[in-house]
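A.B. asks: Letter by letter, the chains look like this.
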Amino acid sequence: DTEVTQTPKHLVMGMTNKKSLKCEQHMGHRAMYWYKQKAKKPPELMFVYSYEKLSINESVPSRFSPECPNSSLLNLHLHALQPEDSALYLCASSFGTGIQPQHFGDGTRLSIL
Amino acid sequence: DQQVKQNSPSLRVQEGRISILNCDYTNSMFDYFLWYKKYPAEGPTFLISISSIKDKNEDGRFTVFLNKSAKHLSLHIVPSQPGDSAVYFCAASAPQGGKLIFGQGTELSVKP
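If you read the sequences in order, they're chains A and B. When we follow our numbering, the leftmost residue of the first sequence carries the number 1, and every step to the right adds one. When we follow our numbering, the leftmost residue of the second sequence carries the number 1001, and every step to the right adds one.
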């Protein structure tokens, strides 16, 4: 059982839609992350939030907009996505951004039509 | 430029034997290394980690070895069990920031 919960598990959207991915953890972690994973590839970091502030943006296109409303929640707002954005989106959390393991949710499988 | 490499895409091992998964890295600034296991349709599950001040860390059937001079780490699973069959990723991070860089993964298959 994962302690990082992601919703929805699957999402299909058109290129003009606006949708949001949600992530929640109740482990008291103060760092949260978004990763993108394409088929047969490793996860790639998109964003890091530390103490609810954005600390790393890996040059992600503005059609992806992260938000951290509080220390337990992390959202990823999606707008005007492209077919190549279809992937598994993984959320992770850790106590801090130093020598701490990151714990992952099961991801949202996103398909762009 | 791949900073973390797992050169074996797959590994087949007999149940009860040792599984050895290997990982090489190029960035000498990396100071923390982790192994994750991933089943299909699930997120990566943290297995074991090691900081650069150590050369070995053990947790039950899992042991990670770090050779800093060779920029190489390995994961040993003893004894291997069919439930260990999964994709294993090694990952590394540099001081501060929290960015994990993953290898390409090795698919382990443990046969009865």
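Keep in mind that the hints were calculated from the coordinates and are not lab data. Possibly wrong hints are sitting among the right ones.
Pairs of lysine-lysine residues, derived as DSBU-like cross-links and limited to a Cα-Cα distance of at most 35 Å, are as follows [unchecked claim]:
{"hint": "1", "chain 1": "A", "residue 1": "Lys18", "chain 2": "B", "residue 2": "Lys1068"}
{"hint": "2", "chain 1": "B", "residue 1": "Lys1038", "chain 2": "B", "residue 2": "Lys1068"}
{"hint": "3", "chain 1": "B", "residue 1": "Lys1068", "chain 2": "A", "residue 2": "Lys22"}
{"hint": "4", "chain 1": "A", "residue 1": "Lys9", "chain 2": "A", "residue 2": "Lys38"}
{"hint": "5", "chain 1": "B", "residue 1": "Lys1054", "chain 2": "A", "residue 2": "Lys53"}
Just so you know, these numbers come straight off a predicted model, no measurement behind them.
A.B. asks: Would you mind marking each hint as holding or not holding in the structure?
C.D. replies: How the hints compare with the structure:
no., hint, in the structure
1, Lys18(A) to Lys1068(B), "violated, 46 Å"
2, Lys1038(B) to Lys1068(B), "holds, 26 Å"
3, Lys1068(B) to Lys22(A), "violated, 38 Å"
4, Lys9(A) to Lys38(A), "holds, 16 Å"
5, Lys1054(B) to Lys53(A), "holds, 32 Å"
Checked against the numbered hints above, the structure violates hints 1, 3; every other hint is satisfied.
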